[in-house]
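Q: Chain residues, written in single-letter form:
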Amino acid sequence: MASEPPLLTMSGITKSFPGVRALDGVDLDVQAGEVHCLLGQNGAGKSTLIKVLAGAHQPDTGTIHWRGEAVTLRSPIAAMRLGIATIYQELDLVEHLSVAENVHLGHEPTAAGFVVRGKAARASTARLLKRLGHPEIDPARLVGELSAAQQQIVSMARALSHDVRLIVMDEPSAALDPDEVDNLFRIVGDLTADGVAVVYISHRLEEIRRIGDRVTVLKDGRAVAGGLPAKTTPTREVVALMTGRNVEYVFPERPTRDVTAGKPLLEVRGLAREGEFEPLDLTVRPGEIVGLAGLVGSGRSEILETVYGARKPTAGQVLVDGQALRPGSVRAAVRAGLGLAPEERKAQALLMLESVTRNVSVSSMSRFSRGGWIDRTAELRAARAATRELSLRPDNPSVPVRTLSGGNQQKAVLARWLLRGCRVLLLDEPTRGVDVGARAELYAVVRRLADEGLAVLLVSSEVPEVLGLADRVLVLREGRVVHTAPTRELDEHRVLDLVMEGSPAS
Amino acid sequence: MTQHASPPRDSTGKVPSAGEPPAWRGLMARADVRTLSLLGVLAVLILIGGITKPDEFLDTRNLQLVLTQASVIGVVTVGMTFVITSGGIDLSVGAIVALASVWATTVATQEYGFGGILFTAVIVGVGCGLVNGMLIAYGAMVPFIATLAMLASARGLALQITDGKTQIVTVPSVLDLGERDAYVLGIPPLVMVFAVVTIIGWLILNRTTFGRRTVAVGGNAEAARLAGIDVRRQRLYLYLLSGLCCGIAAFLLIVLSGSGQNTNGNLYELDAIAAAIIGGTLLSGGRGTITGSVLGVLVFTTITNIFALNNLQSDVQQIAKGAIIVAAVLVQRRTASTT
Ligand SMILES: Nc1ncnc2c1ncn2[C@@H]1O[C@H](COP(=O)(O)OP(=O)(O)OP(=O)(O)O)[C@@H](O)[C@H]1O
Ligand SMILES: [Mg+2]
Numbered sequence: 111m112a113s114e115p116p117l118l119t120m121s122g123i124t125k126s127f128p129g130v131r132a133l134d135g136v137d138l139d140v141q142a143g144e145v146h147c148l149l150g151q152n153g154a155g156k157s158t159l160i161k162v163l164a165g166a167h168q169p170d171t172g173t174i175h176w177r178g179e180a181v182t183l184r185s186p187i188a189a190m191r192l193g194i195a196t197i198y199q200e201l202d203l204v205e206h207l208s209v210a211e212n213v214h215l216g217h218e219p220t221a222a223g224f225v226v227r228g229k230a231a232r233a234s235t236a237r238l239l240k241r242l243g244h245p246e247i248d249p250a251r252l253v254g255e256l257s258a259a260q261q262q263i264v265s266m267a268r269a270l271s272h273d274v275r276l277i278v279m280d281e282p283s284a285a286l287d288p289d290e291v292d293n294l295f296r297i298v299g300d301l302t303a304d305g306v307a308v309v310y311i312s313h314r315l316e317e318i319r320r321i322g323d324r325v326t327v328l329k330d331g332r333a334v335a336g337g338l339p340a341k342t343t344p345t346r347e348v349v350a351l352m353t354g355r356n357v358e359y360v361f362p363e364r365p366t367r368d369v370t371a372g373k374p375l376l377e378v379r380g381l382a383r384e385g386e387f388e389p390l391d392l393t394v395r396p397g398e399i400v401g402l403a404g405l406v407g408s409g410r411s412e413i414l415e416t417v418y419g420a421r422k423p424t425a426g427q428v429l430v431d432g433q434a435l436r437p438g439s440v441r442a443a444v445r446a447g448l449g450l451a452p453e454e455r456k457a458q459a460l461l462m463l464e465s466v467t468r469n470v471s472v473s474s475m476s477r478f479s480r481g482g483w484i485d486r487t488a489e490l491r492a493a494r495a496a497t498r499e500l501s502l503r504p505d506n507p508s509v510p511v512r513t514l515s516g517g518n519q520q521k522a523v524l525a526r527w528l529l530r531g532c533r534v535l536l537l538d539e540p541t542r543g544v545d546v547g548a549r550a551e552l553y554a555v556v557r558r559l560a561d562e563g564l565a566v567l568l569v570s571s572e573v574p575e576v577l578g579l580a581d582r583v584l585v586l587r588e589g590r591v592v593h594t595a596p597t598r599e600l601d602e603h604r605v606l607d608l609v610m611e612g613s614p615a616s
Numbered sequence: 059m060t061q062h063a064s065p066p067r068d069s070t071g072k073v074p075s076a077g078e079p080p081a082w083r084g085l086m087a088r089a090d091v092r093t094l095s096l097l098g099v100l101a102v103l104i105l106i107g108g109i110t111k112p113d114e115f116l117d118t119r120n121l122q123l124v125l126t127q128a129s130v131i132g133v134v135t136v137g138m139t140f141v142i143t144s145g146g147i148d149l150s151v152g153a154i155v156a157l158a159s160v161w162a163t164t165v166a167t168q169e170y171g172f173g174g175i176l177f178t179a180v181i182v183g184v185g186c187g188l189v190n191g192m193l194i195a196y197g198a199m200v201p202f203i204a205t206l207a208m209l210a211s212a213r214g215l216a217l218q219i220t221d222g223k224t225q226i227v228t229v230p231s232v233l234d235l236g237e238r239d240a241y242v243l244g245i246p247p248l249v250m251v252f253a254v255v256t257i258i259g260w261l262i263l264n265r266t267t268f269g270r271r272t273v274a275v276g277g278n279a280e281a282a283r284l285a286g287i288d289v290r291r292q293r294l295y296l297y298l299l300s301g302l303c304c305g306i307a308a309f310l311l312i313v314l315s316g317s318g319q320n321t322n323g324n325l326y327e328l329d330a331i332a333a334a335i336i337g338g339t340l341l342s343g344g345r346g347t348i349t350g351s352v353l354g355v356l357v358f359t360t361i362t363n364i365f366a367l368n369n370l371q372s373d374v375q376q377i378a379k380g381a382i383i384v385a386a387v388l389v390q391r392r393t394a395s396t397t
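Chains as they are written, first to last, in our numbering: chain W, 111 to 616; chain B, 59 to 397.
These are computed hints drawn from the structure, not numbers from a lab. Bear in mind that the values here come from a model prediction, so they are computed numbers and not experimental data. Built from N, CA and C at the ideal position, the CB exists for glycine as well. Check the hints yourself; a few may be wrong.
The list that follows gives simulated cross-link-like pairs (lysine to any residue, SDA-like), each with its CA atoms no further than 25 Å apart [as the list claims (entries may be wrong)]:
| no. | chain 1 | residue 1 | chain 2 | residue 2 |
| --- | --- | --- | --- | --- |
| 1 | W | K456 | B | D288 |
| 2 | W | K456 | B | Q168 |
| 3 | W | K456 | B | F268 |
| 4 | W | K456 | B | N324 |
| 5 | W | K329 | W | G122 |
| 6 | W | K422 | B | R290 |
| 7 | W | K373 | W | P396 |
| 8 | W | K422 | B | V200 |
| 9 | W | K422 | B | E280 |
| 10 | W | K456 | B | L217 |
| 11 | W | K422 | B | A198 |
| 12 | W | K341 | W | E317 |
| 13 | W | K456 | B | A198 |
Covered stretches of chain B, as calculated for chain W (at least 3 residues, CB under 8 Å) [to be verified]:
| no. | stretch |
| --- | --- |
| 14 | 120-127 |
| 15 | 260-270 |
Rough simulated footprint, nothing fancy, chain B against chain W, three-plus residues with beta-carbon under 8 Å [as the list claims (entries may be wrong)]:
| no. | stretch |
| --- | --- |
| 16 | 244-254 |
| 17 | 461-467 |
| 18 | 470-476 |
So that you can see chain B by itself, here it is in the shape it has in the complex (with noise of 0.2 Å):
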């Protein structure tokens, strides 16, 4: 009775149907028009530096000096991308990092050295999230206001904890992470913490179960839902995750300033959720790119750094980023209507 004369598959005008690309091809076509676009533009900005200020932005301490910026909101912005793509987002990035520096700088746990002032700034980003992530996951809170609402009371602590002083890092090992000294071939350690970072990242947002389910929370919840995700404990884990990158954020922070301070972190937030954005991360959720965050990091870097060297005032820098960040969406735009 059953009929099976011939499958139904007869193609006339096919898609090819030769096995998958390698995985670098893959690589290769995901490095798309996006990526390569970000990729110009910072090609021009780094000849713009060259041309107007050939000797100081070319210089090897100058653009390490870049680099270890970059570090810092950087690893922030790894984070962010993941809460992002899960159809999420952290505002409270910039607070948690200044909470994690100055509770890692206070005298007392100064005493317990390196390892008590690491531990210290990973423990209290990670308990940030925690709760950002509790809130969120089971307490049914929306994002936004959950994370402003730890934004207002980390950034309250901080400075509780500080009554506004600088805290002075006492601690030699720490210190030396930052001096010449400790830079391994011109690469300083604080860059090398960042690329491991983003290595890892990219790791687990392309090949392991947890980036699949981040994607496809952030994608359709529902869908998630329904196909057996335990959507809720992935939203923890996610605001974990992003504490945890702030929390080494702020340890990068310490190191780079030698000090903890109640303002560190400032507008974090923002920062790191253009950076994601003109990566090419959706704000919706369900797409996400580290790569291009990372592009997105080292495009604002080197703005402020070149705006800097030209004794260029701040609020022009702030002009330039909003600008640059209206172009990059527009491109996408365009580049996702086509394809």
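Isolated chain W (complex conformation) (with noise of 0.2 Å):
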């Protein structure tokens, strides 16, 4: 190997936003055939630096050498043509067309030059989608109809629609169930044997060290380290390198007075959804933490936006303080205190235009107005606590929160929720795209809150979290409870049998 030249080799790369420096003179090399990790905290610079690579952002400074020549990645399509394919951390899919076009848009297959064969980007995706362990997406669909992790696997399919050398993956295993991850990984070993490289970004350390080879360390913009072994480094080196401290990866303590006494505050009686989930029982007192385990597609998240009033229930109630809320409105939930932090962040929470402020702000406006009237100062003080609370990085709510990186805008929605100051909060996948050092703290935060008397009703597809963090955990599988149990009777084992259990894919 020694001979030959890296696949692609980056140096010196700067990249500078108004008022942030994104990327302060990176070096990174990928050798053919390995997969190369990229770790770092949220706003590190890890999907700037891949931006860059794929020819979305050009850099101020620096060199790119693609099998041992100089190149500039003027477009997205530069890259492309070299062979470089990216999955980008917030998808990007055009909902409106189908699987098929999705995969092929842009380079469709045609007759004559012009007239899209429809037949053949269907029968090609139909078996890329095969070779990725999917062969049950029907490239017919529409993208807006399939599940996260489906279009997940679509945005695969349209990175290996070309001929690719490399492939960068910006923390695709965050929306993945576990027997998905490992599908995941299944098609990562696939494209190493055949040569290909995978440049992978994730916060869950343990994935990098089952797949990765070598790890690359950002913090703030620089590399502080390069390509160290993936398998040998000590996770605490690891972590030291990313936060520059030491962090445990832990979970604040559980109180010890007995939280299960109280009067419920909130209460869920016999809701459902047909088609979604099965009639439904829950109660979470004041300083609980619930959480839900299941699958994507138990209808975890469902049930979330069903008992927030989002989606109408076809049966049963949601009471708060044993007041029961108009079903279907979010605006009743509201009112009487339940907040949700949504899944899908940029869809169902930001306003990508606007400030952090406002973002924060929007379901508190009451409070700094009198008679409609904004009062601006106590606004920005206010969202100012709340984004500090959670350590939200940069330190400046005036930005638009569409510069924010993805971990970065999931604080921005919490501070929402943490600002209005609610009773019952309801927080679907908190802590994805989280780095470890804010992980901890947002973990400490939801603790805090419950221990000041709120109701926790947590989704997670991470059952380390659910466990590490709730006092009562739901199994939920296909749209129904299987399980329930305290925290303590039940083990990582335990919920992932159950959650799996009769699970076609186990």
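Reconstruct the complex from the two isolated chains, following the hints.
A: As structure tokens, then:
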């Protein structure tokens, strides 16, 4: 191997945005056939670096060598022509087009140069999907109808529809179930066996161990370590490099007092939505964190959204403090003190054109206004306090939320409900895309809120997170609660067994 | 067990952490390239007018006329800006102006004098806005279709009321408002109405919860809904607001022309949309600027005036307007991608 030049060498890459230096002289080299992991905290510059590599951003300075030759990547198409494919953190599919159309977008198979051969496109898409282990996705379906995990697969099919030598994956596992992650890793294995290189970004360190060959760590736009062996470098060391301090990946201590004693704050009685989930009963007391564990598609998000009134139930009711809420009304829920941090932050929570402040204050405007008149100083002060509490970066809530890194956008959503001071917090995948250090802080915040008397209902695909944080766990499978138990009676294997049991993929 | 060594806010290459800039600095910052370029266009136009027709264009009376003409379409544009900011569109504004102006000038209405005419114009405007709003917000109709239907029916109704005839206003107090005697410090009352509507509009959009909700609904309606905003009610209010602006504009038009006609307000929808867009309001919603809209209106009205003074045909005018719209959008693209 030593004689051959690396597949890719990026050196001295810098990239500034107004007010932020996102990349400050980063080096990265990638060998053919390896899995090269990029690690770093939220806002470290990972996504920016790979956008430079994808031709989506132009670097201010720095050089890129591809198979030994200097290249300039003027556009995404230029990068694609070289064989660099990217699966972005925020999926970029066209919802109103079919799977096949998305996969072949921009390079449709044509007859006579312009007549799109739909059938050929569908056939080749079906082949790709099969190769990716998802033959059940119909190439003719609209992408908007697919689940997040399926959309991810479509993105990947799109990447593979080109002749690729390097695939970049920006947090691909964030939206996936354990067995889907296994599938992803199998695909990654196949690709690297064919000599394709993979640049892999994730906040889950255990994944890096499983599939990574080498690791480059970014911190504040600099590569603080390049090409470390992924399997043997101690986790401690990696985390210390990322954060500049020692973080134990720990959960806050549970309160000693018995939270299961009080009167229920949130009560769900026989709540159901036909075709999504079966009648569900659950109660959450003040100070209690209840976790919903289950696979993607087991109805967890649907349940949360129905409790919140964003979907109208076909049966049952939701009570807060014994008062029944008007079904299907978000306003009623919010007024009763419910808050939801939804799963799809970009589509469901964020106002991308607006500042962080306005995104944070949007649900509590009445607190900063008299007669509809907004006191912007008070608003800014409150937003700053809420975002500081979550260590959101950059520490300036006046910047547009679209310029934040993925994990920091998630924090902006949480800050919204922190600021509103709700009584029942519904969290759907609260740490998706959030880095190790910030996770620990987030867990501490959630626990503290619970200690202050909030009722928390938590959905997470990460079983350790549910077990670490929740006092009680409901395990869901195919829209049905299959098990309820206090957390101390459960462990990871038990939950995984319950979650997977009878599911076709296991 | 919990770690609390040091907060992870170690800043190496960090943004200025100073306090917020004062309000006026924020204003200046937002009076960005776009606004400045519109001001530049306006300055160039004034220069052209001053060079081609030095005596006529810069004459006080002519400037008063330009501003008065801008007032009618300007008030409509303020309402339109809100609607577009929320991600909607109101194609019926011109037709509503027509209907309100003829309804308010029927013989029966004129018997009630000044108050009757003003009240009728406003109520008809708000009424039409209510229908639009209900159809869009609660009938789940696409704004384009609902307001297109309103355009057709309001124009039809206006024709039915007038039977195609011009309805002359005979109420002296209304007519007086357009006379020179009513000018305060050289400013026509109609222009003052426009100024007041603009200021109120700016304040509502930028300083109130109503404005925030409008922007939120336009930026991401689903996110707004999940944040606890009543999106449908907000939409209803927005079309009501647009209708109200049309009613006020209709009254201004009655004063200006001394009559009510079913052909009033022809193509106002296009002028208002164009003015808002060149001003910097996003047609897809989520961002709106009253200042920009007003500048857009002034640019268009000035062009019309200069062309009229130079005896150029209106078809040339239309071409020039089209070119300006394209140029403005291109400039915006450029500035948007660099910031
Ligand atoms: N378009 C932009 N305009 C301004 N600043 C930006 C822009 N894109 C990114 N940034 C800033 O650049 C820095 C790096 O962001 P980047 O998205 O690369 O982080 P990341 O490492 O991918 O983080 P995460 O793990 O949260 O996804 C952040 O401070 C971010 O706010
Ligand atoms: Mg990222």
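Q: Hint by hint, say whether it matches the structure.
A: Structure-based check of all given hints:
1. Under the criterion of a C-alpha separation no larger than 25 Å, the hint pairing K456 (chain W) with D288 (chain B) is consistent with the structure, at around 20 Å.
2. Restraint check for K456 (chain W) and Q168 (chain B): the C-alpha separation of about 55 Å exceeds 25 Å, so the hint is violated.
3. For the proposed pair K456 (chain W) and F268 (chain B), the alpha carbon gap of about 23 Å is at most 25 Å, so the pair holds.
4. Taking the CA atoms of K456 (chain W) and N324 (chain B), the gap is about 41 Å. The hint is violated against a cut of 25 Å.
5. Using a Cα cut-off of 25 Å, the hinted pair K329 (chain W) and G122 (chain W) holds, with the two alpha carbons roughly 15 Å apart.
6. Pair hint K422 (chain W) plus R290 (chain B) holds up; C-alpha atoms about 16 Å apart against a cutoff of 25 Å.
7. For the given pair, K373 (chain W) sits about 8 Å from P396 (chain W) by alpha-carbon distance, which is consistent with the 25 Å threshold.
8. Restraint check for K422 (chain W) and V200 (chain B): the C-alpha separation of about 23 Å stays at or below 25 Å, so the hint holds.
9. As the CA atoms of K422 (chain W) and E280 (chain B) are separated by approximately 15 Å, the hinted pair is consistent with the 25 Å bound.
10. Distance check on the hinted pair: K456 (chain W) and L217 (chain B) sit about 48 Å apart at the alpha-carbon level, beyond 25 Å; violated.
11. As the CA atoms of K422 (chain W) and A198 (chain B) are separated by approximately 17 Å, the hinted pair is consistent with the 25 Å bound.
12. For the hint linking K341 (chain W) to E317 (chain W), the alpha-carbon distance of about 10 Å falls within 25 Å, and the restraint holds.
13. Annotation: proposed proximity of K456 (chain W) to A198 (chain B) holds, straight-line Cα distance about 24 Å (limit 25 Å).
14. Check result for the stretch 120-127 of chain B against chain W: violated, 0 residues qualifying (beta carbon to beta carbon below 8 Å, three or more required).
15. Interface restraint, the stretch 260-270 of chain B with chain W: holds (5 residues with C-beta to C-beta distance below 8 Å; minimum three).
16. Restraint check on the stretch 244-254 of chain W versus chain B: 0 residues with Cβ-Cβ distances below 8 Å, three needed, restraint violated.
17. With 4 residues carrying a beta carbon less than 8 Å from a beta carbon of chain B, the stretch 461-467 of chain W meets the three-residue requirement, and the given coverage holds.
18. For the stretch 470-476 of chain W, the stated coverage by chain B holds: 4 residues have a C-beta nearer than 8 Å to a C-beta of that chain, and at least 3 were required.
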